[in-house]
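> The chain contents come next:
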Amino acid sequence: MSGITSLLSMGAGALRANQAALQVTGNNISNVDTEGYSRQSVVLKDGQYVNTFTGQVGTGVVAQEVVRAHDKFVEAQYLTKVSARDRYQTLYNGLQSVQNLVNESNTDGLNTSLSTFFDDWGDLTTNPESAAVRQTLVDDTETLLSTLRSEADSMRQLEDQADQSIAAGVDKLNELAKDIADLNNQINQTQIDGKSNPNNLYDLRDVKLREMAGLVDINVIDNGKGDITVYTTAGQTVVDGVVAFDFKFEQGQTVRQLSPTSLGPPVSDVQAYYDGADNDEYTLKVVSGGAVGGGAAFQVSLDGGRTWLTNDDGTTAVYQAEAEGSKVRVGDLDIWFANVDDPDTPAADNLNVGDTFTLVPKKALYWYTTAGTAENITPQQYADGTDNTRRLTGGALAGAFLFRDEELGEFQDTLDAFAKSMVWEVNRIHSQGAGLTNFSTVLGTNAVSLTNVALDSRSSGLDFGDRLQSGAFMLYAYDANGNLAVDGSGNPVQASIAFTPGVTTLDDLVTAIDNAFSPPAFSDTYLDASISNNRLSISGVNGRTFQFGDDSSGVLAALGVNTFLTGSRASDVAVNDVVGTDLNRINAGHVGADGLVAVGDNLTAKAMTELENTAISFYVAGKTTVNQTLTDNYASLVSKIGSDTAAASYQATYQAALAAELNEQQLSTSGVNLDEELTNMIKFQHSYQAAAKLVSTANSMFETVLGLKN
Amino acid sequence: MKGQILANLRRQLGAVALLESLLAEEFSHLSTRQPAAVASVEFSIQELLRQITAERHSLHALYAALDPQAKRLADLVGQLDPQTREAALGLYEAIEKTEQRSAKQASRNYAMALGLYDVTKSSLDNLQKLMTPKKGVYGARGRMASATPPPGMISGRL
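Chains as they are written, first to last, in the working numbering: chain E, 62 to 771; chain D, 714 to 871.
The following block holds chain E by itself, in its conformation from the complex (with noise of 0.2 Å):
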């Protein structure tokens, strides 16, 4: 085509093209403040050449494609950034929450009612007989520990409430990733290479690539069109073109890794279970083969393998693997193996060394196949801090995790360390103390899973029996008119009752006691031992009294018999019932050399307000014990908690900084500047004036043309 006509159709070109970068120009201008919305331009191409006399002419110009500004260099790197930040500011959010939990400086909180609880001591050392002072005493403990429950419930309260924002945060994940996949779909059936884009569907992409990078930390590989893939930083894939995979945010699922031994043929049918829950996840490594009850023993870690619980005396912990009946405790669970189809079936085969079983006693993050199979990768930290990098470890998901597992989690077990031997500590002065009047019936507030285990074993369902020690605790019996019982020889009635670690069961004592009691001890029957409820009760038998006097060995604290407090952590304690309903119980002396309790007797007291200043041990699993006082081992829980979270602010500031940059960067590409565009608008505009002009030209020359046969 050449000529006139090519002239016109030329214009027409020019003018369709410049209308399309009109068109162009003016939606850049309407989404200037479209959130994800990327500049768009015409891509304008010079249209075919044809030979002609007078050489190669043009015939105008084409609009190829609609493209869109975007820097994938900088979007990738946005998207890490992005990760981390949220990942640090929902950990600050948490954070924050728990510091708020434990700010003292505008109420009383916890370290003003242990002062407090310590002063009224005090006051009974000078008053050992004041019902008053007493009455105080009591009403003050009350506060303490309902300030210690409280602190647990509200912590508890912001575990659920993590629970929900990650099971919310996971629907997110699951929608988003059907999302981008549905994307690319369209994408594939929209897009021409070359010729037609579907910018929108790309920037509605980037939109949900963003926010499931806020979610957790993600890769993406681009091949063009709806074929990405998008994965997790730790090999997980999220989206590969237009398959979503699934996560769900389920019950911790026990995983077994058998030994070659073990696999068999026929494969080993032992599974280990759990009873309790707890935010770490626990690895149980066979470390002596053998039959379960029968010398099979295992060790435990409490990150993945890389470091293992030790005993106080920092030696590597070994627990015997036991079945059903004598669950083993460990940390906050009770374990025990059985057949790997029905917890309820004793386990036919033997453990064999190596053998590894891992609990996950908490709601888990688990990433689907497509072969249906299940990995889980909630975000773990180990000892030293550092993340496993084969969960994730970024986007708030992330966050939220590290929120209730370590931080929370953390500060839970802490806090019932604190409370554990507050109780423990309180409860081992209080019971070889003794109160204005004896006892006529007792009955322990601690009851042991088996009556015929040794107390201080880790299947005696004792929350205090790792604390027992060989030793031996004194009774004394009284009359009927509250005189030292004396037998028929003039004997006083009174016995020391022992306890041997690894030996003495709840069924020994009560035989002790009995037999120390009555005949053939003594002619008559004074006292009564026998076990109710799984726990201690012991009478005086025709009106007889008793007390309780010093005790090397702890039982008595343990089995919560003549205590203060029951309970063994945050959550529960509370003041002994016995003593609550009778301030007369709290014991302020001791029986003396006499065996009577003296009038003004302030031995126990004293020896609890000397508590305040004492170094106790504190000890939370898979961690170091730390010798500190109680208001010593607060005041660290709190500075811990505010380090912590001045860190997360500071990280959540920094990463933000950092992200806010790249974001920049990229609006510098893709967003819109109505400057440019005005420019752009004009230029255009000119385009398509001098277009029209061509046509107009064309026209005029077509009828010079015409006008030639006249």
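All clues given are correct.
So the derived label-pair ranges between C-beta atoms look like this:
#1 Ala777/D with Ile677/E: 43 to 53 Å
#2 Met844/D with Asp94/E: 25 to 35 Å
#3 Thr745/D with Arg217/E: 35 to 45 Å
#4 Asp94/E with Ala824/D: 30 to 40 Å
#5 Arg367/E with Ala750/D: 42 to 52 Å
#6 Lys133/E with Lys784/D: 56 to 66 Å
#7 Ala358/E with Leu837/D: 54 to 64 Å
#8 Asp94/E with Glu809/D: 44 to 54 Å
#9 Ser207/E with Lys784/D: 54 to 64 Å
#10 Met844/D with Thr758/E: 35 to 45 Å
Which chain E residues stay away from chain D? Per the calculated CB distances, all over 10 Å, these:
#11 Val104
#12 Val118
#13 Arg129
#14 Glu272
#15 Lys309
#16 Val348
#17 Val379
#18 Asp395
#19 Thr406
#20 Lys423
#21 Ala577
#22 Ala635
#23 Leu664
#24 Glu673
#25 Val756
Rather than coming from a laboratory, the hints here were simulated on the basis of the structure.
Glycine included, C-beta positions come from ideal geometry on N, C-alpha and C.
Put chain D on the given structure of chain E with help from the hints.
Okay, now just chain D, sitting in the frame of chain E:
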């Protein structure tokens, strides 16, 4: 002389307290990525550091005037009356604590500045990589350029 020592320590305490607040201000400018504001605060910080150094020199001169051997407050604290000693040690401790906090803040500012630098640098590196001719490109002298040429002036292609 003792009064001068106390006055000097008080001035130093004021200076380090100001330093701490300037560093905090610098951090907030860094987090909102305002290089111009950072630069102006940084000038103030440098000038303040110079003044603190001058104060320390004059303090050492005061120590030397009291005891030619003395280099630190600890060296002559025994010669001070109890009241002055208590005041001097109190000021010294307060300066020390503020300095520690400032040092922590300074290292945070440093990390933040370095982080922003890294982000910008990686973008520039990427830009440079994109601009560098890859292969099959003729150089200025009409020869094929090497596959991965070293950085240099851009010529010809653009």
